[in-house]
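Enquirer: Spelled out, the chains give:
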Amino acid sequence: MKTLFRSALWALAAAAALQLPQPAGAVTLRYANQGDLKALDPYTLNETTTLAHLAHVYEGLTRRGKDLSIQPALAERWEILEPTRWRFYLRKNVKFSDGTPFTADDVVFSSERVRAPGSNFATRVPSGSKVVKIDDHTIDFVLTGPNPIMHYQFDYWLIMSKSWAEKNNAVAPTPVSATTPSYASLNAMGTGPYTIESHQPGVKTVFKKNPNYWDKIEGNADEIVFTPIANDSTRVSALLSGEVDIIEPVPLQDIQRVNSSGTAQVLTGPEVRTIFFGMDQVRDELVSSNVKGKNPFKDKRVREAVYKAIDVDVIKARVMRGLSTPSPLMIAPEFFKLSKEFTRPKVDPEGAKKLLAEAGYPDGFEVGLNCPSDRYVNDGDICRAAIGMLARIGIKVNPIIEPKAQYFSKVLKSGGYNVSMYLLGWTPSTGDSHNVLYEIMGCRNDPKSPSRGDTNAAGYCNPKLDEMTDQILVELDPAKRDQMIKQAFQISIDDYGYIPVHQQSLAWGVSKKVKLVQRPDNSVLLYWATKE
Amino acid sequence: MASSPPLPPASAPTAVPAVPAPGWFVRALDSDTWASFRRSPIAMAAAAATLLFFLAAVFAGLGPQDPFDPAQLELMNSRLPPIWSAEGQQPFLLGTDDQGRDILSAILHGLRVSLLVGLLGVLFSATLGIVLGLLAGYLGGYVDALIMRIADVQLTFPAILIALLIDGVVKSIMGNRISTSAILSVLVFSIGLSFWVQYARTVRGSVMVEKNKDYVQAARLIGLSSPAIMLRHVQPNVIGPVYAIATINFALAIITEATLSFLGSGMPDTQPSLGTLIRIGNRYLFSGEWWIAIFPGAVLAGLVLAVNLLGDWLRDALNPRLR
Amino acid sequence: MIAFLLRRILQTVGVLLAVGIIAFSMFRFVGDPVNQIVSIDTPYAERVAIRASLGLDDPVPIQILRYLGRVASGDFGISYQFRQPVSALLAERLPATLELAFCATVFALGFGIVLGVVSALRRGTTLAATLETVSLVGISLPTFLIGILLIFLFSETLHWLPSFGRGETVRIGGWTTGFLTESGLRALVLPSITLGLFQMTLVMRLVRAEMLEVLRTDYIRFARARGLHTRAIHFGHALKNTLIPVITIAGLQLGSVIAFSIITETVFQWPGMGFLFLQAVQNVDIPIMAAYLLLVAVIFVTINLAVDILYTVVDPRLQLSSPRAG
Numbered sequence: 000m001k002t003l004f005r006s007a008l009w010a011l012a013a014a015a016a017l018q019l020p021q022p023a024g025a026v027t028l029r030y031a032n033q034g035d036l037k038a039l040d041p042y043t044l045n046e047t048t049t050l051a052h053l054a055h056v057y058e059g060l061t062r063r064g065k066d067l068s069i070q071p072a073l074a075e076r077w078e079i080l081e082p083t084r085w086r087f088y089l090r091k092n093v094k095f096s097d098g099t100p101f102t103a104d105d106v107v108f109s110s111e112r113v114r115a116p117g118s119n120f121a122t123r124v125p126s127g128s129k130v131v132k133i134d135d136h137t138i139d140f141v142l143t144g145p146n147p148i149m150h151y152q153f154d155y156w157l158i159m160s161k162s163w164a165e166k167n168n169a170v171a172p173t174p175v176s177a178t179t180p181s182y183a184s185l186n187a188m189g190t191g192p193y194t195i196e197s198h199q200p201g202v203k204t205v206f207k208k209n210p211n212y213w214d215k216i217e218g219n220a221d222e223i224v225f226t227p228i229a230n231d232s233t234r235v236s237a238l239l240s241g242e243v244d245i246i247e248p249v250p251l252q253d254i255q256r257v258n259s260s261g262t263a264q265v266l267t268g269p270e271v272r273t274i275f276f277g278m279d280q281v282r283d284e285l286v287s288s289n290v291k292g293k294n295p296f297k298d299k300r301v302r303e304a305v306y307k308a309i310d311v312d313v314i315k316a317r318v319m320r321g322l323s324t325p326s327p328l329m330i331a332p333e334f335f336k337l338s339k340e341f342t343r344p345k346v347d348p349e350g351a352k353k354l355l356a357e358a359g360y361p362d363g364f365e366v367g368l369n370c371p372s373d374r375y376v377n378d379g380d381i382c383r384a385a386i387g388m389l390a391r392i393g394i395k396v397n398p399i400i401e402p403k404a405q406y407f408s409k410v411l412k413s414g415g416y417n418v419s420m421y422l423l424g425w426t427p428s429t430g431d432s433h434n435v436l437y438e439i440m441g442c443r444n445d446p447k448s449p450s451r452g453d454t455n456a457a458g459y460c461n462p463k464l465d466e467m468t469d470q471i472l473v474e475l476d477p478a479k480r481d482q483m484i485k486q487a488f489q490i491s492i493d494d495y496g497y498i499p500v501h502q503q504s505l506a507w508g509v510s511k512k513v514k515l516v517q518r519p520d521n522s523v524l525l526y527w528a529t530k531e
Numbered sequence: 000m001a002s003s004p005p006l007p008p009a010s011a012p013t014a015v016p017a018v019p020a021p022g023w024f025v026r027a028l029d030s031d032t033w034a035s036f037r038r039s040p041i042a043m044a045a046a047a048a049t050l051l052f053f054l055a056a057v058f059a060g061l062g063p064q065d066p067f068d069p070a071q072l073e074l075m076n077s078r079l080p081p082i083w084s085a086e087g088q089q090p091f092l093l094g095t096d097d098q099g100r101d102i103l104s105a106i107l108h109g110l111r112v113s114l115l116v117g118l119l120g121v122l123f124s125a126t127l128g129i130v131l132g133l134l135a136g137y138l139g140g141y142v143d144a145l146i147m148r149i150a151d152v153q154l155t156f157p158a159i160l161i162a163l164l165i166d167g168v169v170k171s172i173m174g175n176r177i178s179t180s181a182i183l184s185v186l187v188f189s190i191g192l193s194f195w196v197q198y199a200r201t202v203r204g205s206v207m208v209e210k211n212k213d214y215v216q217a218a219r220l221i222g223l224s225s226p227a228i229m230l231r232h233v234q235p236n237v238i239g240p241v242y243a244i245a246t247i248n249f250a251l252a253i254i255t256e257a258t259l260s261f262l263g264s265g266m267p268d269t270q271p272s273l274g275t276l277i278r279i280g281n282r283y284l285f286s287g288e289w290w291i292a293i294f295p296g297a298v299l300a301g302l303v304l305a306v307n308l309l310g311d312w313l314r315d316a317l318n319p320r321l322r
Numbered sequence: 000m001i002a003f004l005l006r007r008i009l010q011t012v013g014v015l016l017a018v019g020i021i022a023f024s025m026f027r028f029v030g031d032p033v034n035q036i037v038s039i040d041t042p043y044a045e046r047v048a049i050r051a052s053l054g055l056d057d058p059v060p061i062q063i064l065r066y067l068g069r070v071a072s073g074d075f076g077i078s079y080q081f082r083q084p085v086s087a088l089l090a091e092r093l094p095a096t097l098e099l100a101f102c103a104t105v106f107a108l109g110f111g112i113v114l115g116v117v118s119a120l121r122r123g124t125t126l127a128a129t130l131e132t133v134s135l136v137g138i139s140l141p142t143f144l145i146g147i148l149l150i151f152l153f154s155e156t157l158h159w160l161p162s163f164g165r166g167e168t169v170r171i172g173g174w175t176t177g178f179l180t181e182s183g184l185r186a187l188v189l190p191s192i193t194l195g196l197f198q199m200t201l202v203m204r205l206v207r208a209e210m211l212e213v214l215r216t217d218y219i220r221f222a223r224a225r226g227l228h229t230r231a232i233h234f235g236h237a238l239k240n241t242l243i244p245v246i247t248i249a250g251l252q253l254g255s256v257i258a259f260s261i262i263t264e265t266v267f268q269w270p271g272m273g274f275l276f277l278q279a280v281q282n283v284d285i286p287i288m289a290a291y292l293l294l295v296a297v298i299f300v301t302i303n304l305a306v307d308i309l310y311t312v313v314d315p316r317l318q319l320s321s322p323r324a325g
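Protein chains in written order, with numbering that gives the first Met the number 0: chain S, 0 to 531; chain D, 0 to 322; chain W, 0 to 325.
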């Protein structure tokens, strides 16, 4: 018995010794994120953290630079032959990490796979359009109508290898609901600068440098080790103790602590996501209010009162600790040149009270406010701040602040837009205003365009705005288009359709040994990172 | 326990006993228990502290602020340190939290929530447990088997798990319409439901001993109905240990409520209990804003400790073998 | 004897079945799993299709039957969050929880017995009174508060011990252990104390009570009368007799230690099953929640069954007892 025990101990010790291989001179970058790498199949889940990870392994026809500008990637260049026909010239001498060459066949294959049932990215390539191979390195997109922003989302339409997918029985995209993981959801093989060496969901993912990469890698990491750490203080502790080099995000209350640690610092910058309040203005009676038989938010004066009661500057100062950009618009200035021409109406609690009285609510009313507690930076705190501000004009807010699982099950279409007032954040995946005007501000139940207003939980509707939105989609002249967008936004502002709050700030914690680039869409791209 | 079991009345079942059995309080005062209390400085200190906490909760409204009224909160006053720090401000003696809530007022109101949930939870679980225990012990047979099997299933889940589940289910069913009183009832219900087994088992055990005693047999002989026998004669004699369990469970209920609130399933941030305050403060604990979590934590620990000390003494005092 | 065993095993299966059904039907109503697994701008039609493909549109009884059938064959389904088999996820997290529970129990037994003996032997002294009062602090501080305070003191202020995680682990076969590295052992200290403090108090009070009981029994008095050495009496006779109930209780408590690790693991971000469970609750990951609940139920029921059987073997009189006679 004793011998057995002793030999077991020796076996353990030997195993421990084997566990520590240290290749000399190799640079390992350790990175922790609040969220996890949820799926390796690049068409499974449209979510920033997942996509940013996959962008190390896969590439699109285009990519976005450090300032989000569109740059050629797998396509060297492209031109619009006629409004409905685009030609892409593919880069030659590009190889997938398994050594097979990248050709037009892979693009045609990917265009079919991305639009197949189960893909979460079906809108990346316009439906109904044909993708035609001209030769091995030339591709034509034939559209059903003009679409000047077609390629805006191509950066995160990641191109897969046809032969790899066919060989591994992964021709069909892995749907999010897949009950058996497909090969493509557990493995990744693209043309990108890194390959995935191992992947344990929720625990650890290891990336290795791709020796066959066609482009020069700006950063110097040979290996990237990614760990999800959901808890805020744990993530900060991991950075400060040197266990990881990069964390995203740093909770606002810990920014000072990280900066004064001497070992790490916080990179902050504006993010392109817009946080806003919505008010249900479509139901005849609100789902959570003490006003019965009518809906106070249908009255524009009430919406204006709410707008003028919420002091976004105080939210910035106290809740966001200075790290937010109060926004007059439902889109970030990075995505719309003319944003500077807009300003927010002044905060005016007294005026708001008068407006409420005029609308027939001199003593205010009660309303429920739905908020996520773990989706956006200090989301729950923003809502709690609004409670006090609205209480001062007589509106009693009953907060329903929940984890995102419960929250989204109410606020989205599948939950029946079951909210009266809510806080939501939105980043247009096209990087363009049209997405906001169509998804968030478009009238729901448009028979001609059934997906219009899918995320318009407020039910805001102004047919004039929809008309503009449709023209904006097909307008090719950029200057004219911007003016039209400006007019469209002005319509929603005059209606007090939504209450934009701010663009939150990015806060990445970075060890002083590491230099990296912070892109405003919050993609952590480590091929730009160098470590001493 | 101390007094001998009251003899069954010799008259008809409807007749009221000439001398009503003295209540537990009177008996307790008469008994050695009171004397033992007077001899134990720890018990007296604990009782005084518990009383103090109750008084603080009752008079919570006298605090400088009503922390449950959002109109009284000024966001610009958020995260102020205690008054003795350089940046402290009147009237926020113990500082403010992230919403500008006065920590002292919030503690007083939170104390009220904790005590209420604790008391109601114990009342609920004790009632449920005693009734089921009496039934199981006295009736035996299939009723007993059924109740004890349910108790087994119940014991399979720790209190915190049951409470987490019930809380989640109710909240998702009630959705937006949930009110604070509904949350309170859910807390009381889930805490109560997870503690009844202990009472039931204790009562059942005592009943099975008592029911074969002569006085119960006598009552049965003269034709008293089972419920009458149980309520009037058996119950007073098995209730002793229940007080000790109830006191300890009161402390446990307070802890459970705080834990649930800490895990985010209890009282909401707008009407914080002590556990909620600690959860809020925990986010800022390492960022230098320690007062938001530490003060409520200290009060919670003090309260539970006082109640536990009291329960501890009570258990020893009611245990005849340790006298 | 065999009839008794059969009945107990049947009852156990019944209990597990009941737990399975309760667990599943409760979980079915918490949140909407579909929203959790798709991104916010997934079209409505796609959501409906996913709903149907997950079988969430079928009547609840059918969903339960389907689930129980798969569970019986060892398949707990695929986690909604991680897209991995639940059984694999639990197996991966099991070592962390078991190692933590083991260390917490060792801590609780070691300190609990010593302190219990001391306070029993020194009954009435200031030392004993102090010990008893201090031990009450152990059950008066909620677990999460103890954890927070320990982290605040030993990690943030003194920088002695890590505040989260398991440190470096070593993989041996399917088991990852933290026992073989310095950082792994250091990482175990604070969570073990946090988790074990409550049990330690229980053990200490139990040992004290049992010791006091045993010390006044006749055979100890006889031993004293026979002139045996005090130490021999205390440790050879009294403590030995005390340990049987203590070990029994500690065994019965093992299940609740594992269950209570939900809180400890959450505070310390310990990558175990409890932490996985709480994450699952927050993300409405039904397969993980159901599997965890069943696992806890199995552990509890098995321990209870084992204790029952052991008692029957040790004390034949108990065989005759049926629930009817009590």
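Rather than coming from a laboratory, the hints here were simulated on the basis of the structure.
All figures in this text were calculated on a predicted structure; none of them were measured in a lab.
Incorrect hints may appear among the rest.
[Unchecked claim] Quick list of the computed label-pair ranges, beta carbon to beta carbon:
| id | chain 1 | residue 1 | chain 2 | residue 2 | range |
| --- | --- | --- | --- | --- | --- |
| 1 | D | Gln153 | S | Pro446 | 51 to 59 Å |
| 2 | D | Leu115 | S | Asp283 | 33 to 41 Å |
| 3 | W | Tyr43 | S | Asp283 | 17 to 25 Å |
| 4 | W | Arg185 | D | Ala297 | 39 to 47 Å |
| 5 | W | Tyr43 | S | Ser68 | 46 to 54 Å |
| 6 | W | Gly109 | S | Ile216 | 37 to 45 Å |
| 7 | D | Leu115 | S | Glu531 | 36 to 44 Å |
| 8 | W | Tyr43 | S | Ile216 | 56 to 64 Å |
[Said to hold, decoys possible] Cut-off 25 Å, straight-line C-alpha distance, at most; resulting in silico cross-link-like pairs (DMTMM-like, lysine to aspartate or glutamate):
| id | chain 1 | residue 1 | chain 2 | residue 2 |
| --- | --- | --- | --- | --- |
| 9 | S | Lys91 | S | Glu46 |
| 10 | S | Lys345 | S | Asp494 |
| 11 | S | Lys352 | D | Asp65 |
| 12 | S | Lys291 | D | Asp68 |
| 13 | S | Lys315 | D | Glu86 |
| 14 | S | Lys511 | S | Asp221 |
| 15 | S | Lys511 | W | Glu45 |
| 16 | S | Lys129 | W | Glu45 |
| 17 | S | Lys293 | S | Glu365 |
| 18 | W | Lys239 | W | Asp217 |
| 19 | S | Lys345 | D | Glu73 |
| 20 | S | Lys512 | W | Glu45 |
| 21 | S | Lys511 | W | Asp217 |
| 22 | S | Lys299 | S | Asp221 |
| 23 | S | Lys353 | D | Glu86 |
| 24 | S | Lys91 | S | Glu78 |
| 25 | S | Lys530 | W | Glu131 |
| 26 | S | Lys447 | W | Glu45 |
| 27 | S | Lys215 | S | Glu365 |
Ideal placement from N, C-alpha and C gives every residue a C-beta, glycine not left out.
Enquirer: Look at each hint and say if it fits the structure.
Expert: How the hints compare with the structure:
A hinted range of 51 to 59 Å for the beta carbons of Gln153 (chain D) and Pro446 (chain S) is consistent with their spacing of about 55 Å. Separation of Leu115 (chain D) from Asp283 (chain S) is about 38 Å and conforms to the stated range, judged on CB atoms against 33 to 41 Å. A beta carbon spacing of about 22 Å between Tyr43 (chain W) and Asp283 (chain S) agrees with the range 17 to 25 Å that was offered as a hint. A beta carbon spacing of about 28 Å between Arg185 (chain W) and Ala297 (chain D) contradicts the range 39 to 47 Å that was offered as a hint.
For the pair Tyr43 (chain W) and Ser68 (chain S), the supplied restraint of 46 to 54 Å is violated, since their beta-carbon distance comes to about 33 Å. In this structure the hint that Gly109 (chain W) and Ile216 (chain S) lie 37 to 45 Å apart at CB is violated, the actual value being about 54 Å. For the pair Leu115 (chain D) and Glu531 (chain S), the beta carbons lie near 58 Å from each other, so the given range of 36 to 44 Å is not met. The hinted range of 56 to 64 Å is not satisfied by Tyr43 (chain W) and Ile216 (chain S), whose Cβ atoms lie roughly 41 Å apart.
Annotation: proposed proximity of Lys91 (chain S) to Glu46 (chain S) is violated, straight-line Cα distance about 30 Å (limit 25 Å). Between Lys345 (chain S) and Asp494 (chain S) the CA atoms are separated by roughly 16 Å; this keeps the pair inside 25 Å, and the hint holds. Only pairs whose Cα atoms come within 25 Å are accepted, and Lys352 (chain S) paired with Asp65 (chain D) is accepted, the gap being roughly 23 Å. A hinted pair counts as satisfied when its Cα atoms are at most 25 Å apart, and Lys291 (chain S) with Asp68 (chain D) qualifies at roughly 24 Å.
The hinted pair formed by Lys315 (chain S) and Glu86 (chain D) meets the criterion: a straight-line CA distance of about 21 Å does not exceed 25 Å. Restraint check for Lys511 (chain S) and Asp221 (chain S): satisfied, since their Cα atoms lie roughly 19 Å apart, inside the 25 Å limit. For the given pair, Lys511 (chain S) sits about 45 Å from Glu45 (chain W) by alpha-carbon distance, which is inconsistent with the 25 Å threshold. Of the supplied pair hints, the one linking Lys129 (chain S) and Glu45 (chain W) holds, its CA atoms being roughly 22 Å apart against a limit of 25 Å.
Of the supplied pair hints, the one linking Lys293 (chain S) and Glu365 (chain S) holds, its CA atoms being roughly 13 Å apart against a limit of 25 Å. A threshold of 25 Å between alpha carbons decides the hint, and for Lys239 (chain W) with Asp217 (chain W) the separation of about 16 Å falls inside it, so the pair holds. Taking the CA atoms of Lys345 (chain S) and Glu73 (chain D), the gap is near 19 Å; set against the 25 Å cutoff, the hint holds. For the hint pairing Lys512 (chain S) with Glu45 (chain W), the CA-to-CA distance comes to about 45 Å; that exceeds 25 Å, so the pair is violated.
A distance of roughly 72 Å separates the Cα atoms of Lys511 (chain S) and Asp217 (chain W); the hinted pair therefore is violated under the 25 Å criterion. In summary, the hint linking Lys299 (chain S) to Asp221 (chain S) is not supported, as the alpha carbons are separated by about 58 Å, beyond the 25 Å threshold. Distance hint between Lys353 (chain S) and Glu86 (chain D) is unfulfilled; the C-alpha atoms sit about 37 Å from each other, more than 25 Å. A hinted pair counts as satisfied when its Cα atoms are at most 25 Å apart, and Lys91 (chain S) with Glu78 (chain S) qualifies at roughly 17 Å.
A threshold of 25 Å between alpha carbons decides the hint, and for Lys530 (chain S) with Glu131 (chain W) the separation of about 55 Å lies outside it, so the pair is violated. Restraint check: the Cα-Cα separation between Lys447 (chain S) and Glu45 (chain W) comes to about 19 Å, which is no more than 25 Å; the hinted pair holds. A threshold of 25 Å between alpha carbons decides the hint, and for Lys215 (chain S) with Glu365 (chain S) the separation of about 59 Å lies outside it, so the pair is violated.
Of the numbered hints given earlier, the model fails hints 4, 5, 6, 7, 8, 9, 15, 20, 21, 22, 23, 25, 27; all others are met.
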